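Protein sequence lines, in the order shown, are assigned to chains Z and D. So the first sequence is numbered by our numbering: it starts at 975 and just counts up by one. So the second sequence is numbered by our numbering: it starts at 5 and just counts up by one.
Honestly, the hints are just simulated from the structure, not real lab data. For clarity, every value in this text was computed on a predicted model and none was experimentally measured. Any given hint could turn out to be false.
Claimed, not checked - Below, simulated DSSO-like cross-link-like pairs (lysine-lysine); rule was C-alpha separation at most 27 Å, straight line:
#, chain 1, residue 1, chain 2, residue 2
1, Z, K1277, Z, K1539
2, Z, K1207, D, K124
3, Z, K1244, D, K18
Claimed, not checked - Computed beta-carbon distance windows for the label pairs:
#, chain 1, residue 1, chain 2, residue 2, range
4, D, A128, Z, E1534, 23 to 29 Å
5, D, H37, Z, A1242, 51 to 57 Å
6, D, H37, Z, D1291, 48 to 54 Å
7, D, Q7, Z, D1542, 29 to 35 Å
Ideal Cβ positions, reconstructed from N, Cα and C, are used throughout, including at glycine.
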Amino acid sequence: MRTDQADREHSAAEYDEPAERVPFDFSLSRRRFVQVLGAGLLITVGPGAALAQRRGRGGSGGARTVSARIHLGRDGTITVLTGKVEMGQGARAELTQAAAEELRVPVSRIHMLMGDTGLVPDDGITAGSRTTPSTVPAVRRGAAAARQLLVQVACRRWATEPASVDVRDGQVTHAATKRTLTYADLAQSEDLPKVFEQAVPSDVAVTPVTEWKVLGTSVVRPNRRDFVTGEHKFPSDLVRDGMLYGKVLRPPSYGARLVSVDLEPAKAMKDVAAIHDDQFVGVAAPTTFRAREALAAIARTAKWEPAPHPSSTQVFDHLRRRAQGGVPKNPFADQLAEARKTLRRTYHVAYVQHAPLETRAALAEWNDGRLTVWTGTQNPFGYHGELARAFQLPYDHVRVIVPDFGSGFGGKHTGEVAVEAARLARGAGCPVSLQWTRQEEFTWAYFRPAAVIDVEAGLDDKGVITSWHFVNINSGGAAVETPYRAGKARSRYVRSDPPLRQGSYRTLAATANNFARECFMDELAAAADADPLAFRLTHLDNPRLQAVLEAAAKRFDWRERRGQKRPDVGVGLACGTEKGSYVAACVEVAVDRTQNRIVVRRVCEVFECGAVLNPDNLRAQVQGCIIMGMGPALREAMRFEDGKMQNAGFSKYRVPRFSDVPELDIHLLNRPDLPSAGGGETPIIAIAPAIANAVFHATGAAVHEMPIRLPGTTQA
Amino acid sequence: MTQTITFTVNGQPKAVTTDPSRPLLEVLREDLHLTGTKCGCGEGQCGACTVLVGGQSRLSCITPVGNADKQTILTIEGLAAGDNLHPVQEAFLAEGALQCGFCTPGMIMAVIGFLNETPKPTEAEIRSRMDDHLCRCCGYTKILNAIKRAASYAKR
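All chains should be modelled from the sequences, with the hints used to inform the complete structure.
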């Protein structure tokens, strides 16, 4: 592993490419980079036993171990290298805090080098809320080990014991003799590089939560100033010498095959390159405008063979009909027969798009058979492998560099834009920048899967759930298991034959599964003639989920508000757990029947993810999840017909805007006694069912679909 | 068909000979290398491309560069004077009003244009006017706080 990493780094160092520390200064040579990094003291962080066991998505990159590296420059400059990326979720700040805490330096001393596959260790995909539970500990262990080694070097010099020295503010002090050595002093030691070339013990002690000085505080994003000045270069902003702007020819409908195309109209245009390889057709031109003109000229000549494609109005029938192995039957017929009441419902959840504000973008450059791609991805090493395979390149002939980019939400895991840019660059013989249009993003990026969910349960005469059967067709198994005591219970996910390309999205299927479950719980509560809060608490054993639910209800004044009878106003609640964190939301809605609108007036959400690493950043994530989650809850749904997307633009696909922002009361339940879990996803899973349950309360009609429609209407 | 467009961009006189129907956004980004102004949708629906033309906020993705002839244009790069940030930039930093930051330049330019016209906006006015501007991270709460803070700076 380490040898492999070292090899990769060595080969990458042959590139004449910059370091992120001096962002996107392309004149910065490799030599300068080495100077920036200093003597190149290297620590490899091995996996802790616990992490190895919890290895999974986003944690370790498959069989690879979780690792991080720390460089100490001769001037005392500290650079932390990580394969994680920053897309607005706050990884840069939190990983900076992790290193600063353990190295005992101010955060301003830490430079983060992120997501450059030529230089950083593979920390796995930035997804699944794994940065907090996996990469933060890995960086902490690496930094703690570095500090201990520096202390050892100082102690050897002073012929004293580590217990007799203190480390503070980047310097080691021997109080008894009033001697100090800074990290910069220690970086001069001839033997230090050798000392640092050891693996970090997996049991290296890290700072206990009670002694945290930097972790647990609201450290701001280190490079935030560059975003308000426009200086930060996003992937779509990057320029290389001689670069052209690319465009790719898309089929007119899903599944359509290209029969023929004439490139001549584009080739006749000045300085335009046109590329055709099997189904791939693209152009590259000195400006986006001319690339668009060239593409339009080619598109007019293209002949396509269309393919049948189900429409969005048929999609739920389609998914049910094509459920693999059929839809499983409820095995609890005996329990249902004995139940006082039984309830069976089906829920539909529409396809939605992530719609990151920065569409997919990549800049590709070839040099002597080596490929460098700058792009926005949550999966730099995944892209790296994808590019190597696509172009049949040795692994070390590829480098993927990920500048902080314009959001992902689980939507930027696959490397198609990078491959397309690289194809155009190879064909054009010069660097090519490709940024997908909004329409392409809404049509050809992958979608959050649509779901068909069947739920059936029985209640005894005390209103207690005696059996539970839950089937998710197509959308996924995340949070499919109920957190409630439900007697005989089975929950499962069955695959189908999805008509759209689908993939990850903030919390994956947990949103759909929690929506169905929590809406169903309100109908069960009504059947049991119980208050929704009391009904849930009766069936909950999990103290952490109980705690957030009770806290939210208390802050919202649930009992009082639920008891009020106000025309066209309702309150609802929902809770859930996923990825080791816990959330509950209480919502007040007003139903405007004349406008056919649901207005979310007030949201109270309580979130708990163990020890909070950065309160302000976590609060921003919770705010973002709530408001983002309101979109699919109320309005977002991809509409397609005859293989064509009908609403591939922000004018037809309305995402949450300023006017949608409700009054927010967010409470972060800090649990310093528990390990930190990630917080960028789970806060989204309670909002949609809480709104639905509030609509149920306001109208008396239960909700069975997302987006939520008012009873008797076809469109909310 | 090309035309020579002359305009003032961030205080500098500029001349660009190009097709006048090209979007101002693409001329700023590709010809003048001012990439702080972003393309989020290309159809005037997200506000990421907002710049000031003659002090008023404009969506540069749907503004033909020909319409900017002889105009004074201000982009995000033209706000700070050396190390001194514009008060609206300061307000966004003070409130931590950015997540991915891709909407931030357009938001800031829009707020400046808005406060030029309406120095003491109400919350309802802010929401209404800013409704054309998308933050897909949905960091609207902090952006609202930043706008209120910026308005309070202006009142001083």
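Exercise for review: Given the hint of 29 to 35 Å, check if Q7 (chain D) and D1542 (chain Z) actually sit that far apart at their C-beta atoms.
Suggested key: 57 Å, violated
Check your understanding: Taking the CB of H37 (chain D) and the CB of D1291 (chain Z), does the distance hold inside 48 to 54 Å?
Key -> 52 Å, holds
Review point. Given the hinted pair K1207 (chain Z) and K124 (chain D), is their alpha-carbon gap at most 27 Å?
Key: 33 Å, violated
Exercise for review: For the range 51 to 57 Å, tell me whether the beta carbons of H37 (chain D) and A1242 (chain Z) fit it or not.
Suggested key: With a Cβ separation near 29 Å, H37 (chain D) and A1242 (chain Z) fall outside 51 to 57 Å, so the hint is violated.
Practice item. Would you check the hint for K1244 (chain Z) and K18 (chain D), treating anything up to 27 Å between C-alpha atoms as holding? Key: 25 Å, holds
**Study point:** A128 (chain D) paired with E1534 (chain Z), Cβ distance criterion 23 to 29 Å
**Key:** Check passed, 28 Å falls within 23 to 29 Å.
Exercise for review: Measure nothing beyond the straight line between the CA atoms of K1277 (chain Z) and K1539 (chain Z); if it is 27 Å or shorter, mark the hint as holding.
Suggested key: Violated. K1277 (chain Z) to K1539 (chain Z) sits at ~62 Å, over the 27 Å cutoff.
Comparing the model with each earlier hint shows violations of hints 1, 2, 5, 7; every other hint is respected.
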